[in-house]
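Novice: Note that the protein sequences, when read in sequence, are chains V and C. Just so we're aligned, residue 201 is where the first sequence starts under the numbering used here, counting upward by one. Just so we're aligned, residue 201 is where the second sequence starts under the numbering used here, counting upward by one.
It is worth saying that the hints were derived from the structure and are not from the lab. Hints are not guaranteed to be accurate.
If chains are identical, the list can't say which one is meant, so a pair holds when it fits in one copy or spans any two.
Unchecked claim - Okay, derived cross-link-like pairs now, DSS-like style, lysine-lysine, Cα gap no bigger than 25 angstroms in a straight line:
#1 K285 to K315
#2 K224 to K253
#3 K326 to K340
#4 K337 to K349
#5 K263 to K308
#6 K224 to K308
Protein chains: 2
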Amino acid sequence: MKFKHLAISAVALGVASAVFAQVKPEDEIRYRQSVMNVVGRAFGPMIGMAQGKLPYNKEVVAKNTQVIETLSGLHWNAFGPGTEKGAPTKADLKIWSEPAKFKESAEKSQQLTAKLAQTVKGGDEKAIKAAIGDLGKACKGCHDDYRLKEARS
Amino acid sequence: MKFKHLAISAVALGVASAVFAQVKPEDEIRYRQSVMNVVGRAFGPMIGMAQGKLPYNKEVVAKNTQVIETLSGLHWNAFGPGTEKGAPTKADLKIWSEPAKFKESAEKSQQLTAKLAQTVKGGDEKAIKAAIGDLGKACKGCHDDYRLKEARS
Chain V
201 MKFKHLAISA VALGVASAVF AQVKPEDEIR YRQSVMNVVG RAFGPMIGMA
251 QGKLPYNKEV VAKNTQVIET LSGLHWNAFG PGTEKGAPTK ADLKIWSEPA
301 KFKESAEKSQ QLTAKLAQTV KGGDEKAIKA AIGDLGKACK GCHDDYRLKE
351 ARS
Chain C
201 MKFKHLAISA VALGVASAVF AQVKPEDEIR YRQSVMNVVG RAFGPMIGMA
251 QGKLPYNKEV VAKNTQVIET LSGLHWNAFG PGTEKGAPTK ADLKIWSEPA
301 KFKESAEKSQ QLTAKLAQTV KGGDEKAIKA AIGDLGKACK GCHDDYRLKE
351 ARS
């Protein structure tokens, strides 16, 4: 039961799929990459708006924030034991050797996502841009710490 | 402006990212694959529940339906002109040669997703399982029509 712990983590974070099946490491790697791809595509234009490089569009911000909020947690939960390798991945092995620090990054990111979602509901453009910037810094910080420049197999 | 039409479609469907950038075909292919991967992981256990192969879990159904509903539309919108090739893909070229029929499948799927989300809110397990089954058939129908068995490059 290599993935028992993974399943427990999934339950703890309220995530569903891993509860029901022993997910293959290569599928879990592809899954977390997929989640981050979708989140990145939603967040990219928001960063551009926060930096003044794109015109602010509140409908886009609302819709994309919903995507980011809904997927928040799914990728964090997909770095369970046994998923260190199995397919090309940029995930640094530090994720598994310093799980407490990684978890701290995950929690910070999720808190900032929740704060962004709340701020978006408030409708204050300046505050929303600041919240986007804060989450962007958290994303970058975790990527700097845990994402390798080149994929390893 | 090869992707001008893509951008317009994105606006029409309320999707954001393609509006702001000329997305490379390979990135668009990866993106739609990512969305479908995430949707599939959310929907898989729900299909198992509807078929009686997994115990029914209303929290999982609610959470996963939210993922599916939020991502509904994102992948349909990522088959724009110019994204027929550029990376290995199982997308059948019929998608681009019979766009009206493909659009019909997309709309049916989105309607059934909305119906599922509504039914989940109602809380009637039997109705929810039926709605899961209906959406599952629509997914399968479109895959049968438009997803190749092997990736082409």
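Novice: Indicate, hint by hint, whether the structure satisfies it.
Specialist: Hint by hint, here is what the structure shows:
Taking identical chains as interchangeable, the C-alpha atoms of K285 and K315 are never at most 25 angstroms apart, the minima being 33 angstroms within one chain and 39 angstroms between chains. Taking the closest pair of Cα atoms, K224 and K253 come within 25 angstroms of each other only across two copies (20 angstroms); inside a single copy the shortest separation is 41 angstroms, beyond that limit. Taking the closest pair of Cα atoms, K326 and K340 come within 25 angstroms of each other only inside a single copy of the chain (21 angstroms); across copies the shortest separation is 45 angstroms, beyond that limit. In this assembly of identical chains, K337 and K349 lie within 25 angstroms of each other by CA distance solely inside one copy; the values are 18 angstroms within and 41 angstroms between copies.
Both within a single protomer and between protomers do K263 and K308 lie at most 25 angstroms apart by alpha-carbon distance, with minima of 22 angstroms and 21 angstroms respectively. When the C-alpha separation of K224 and K308 is checked against a cutoff of 25 angstroms, the pair qualifies neither within a copy, at 28 angstroms, nor between copies, at 32 angstroms.
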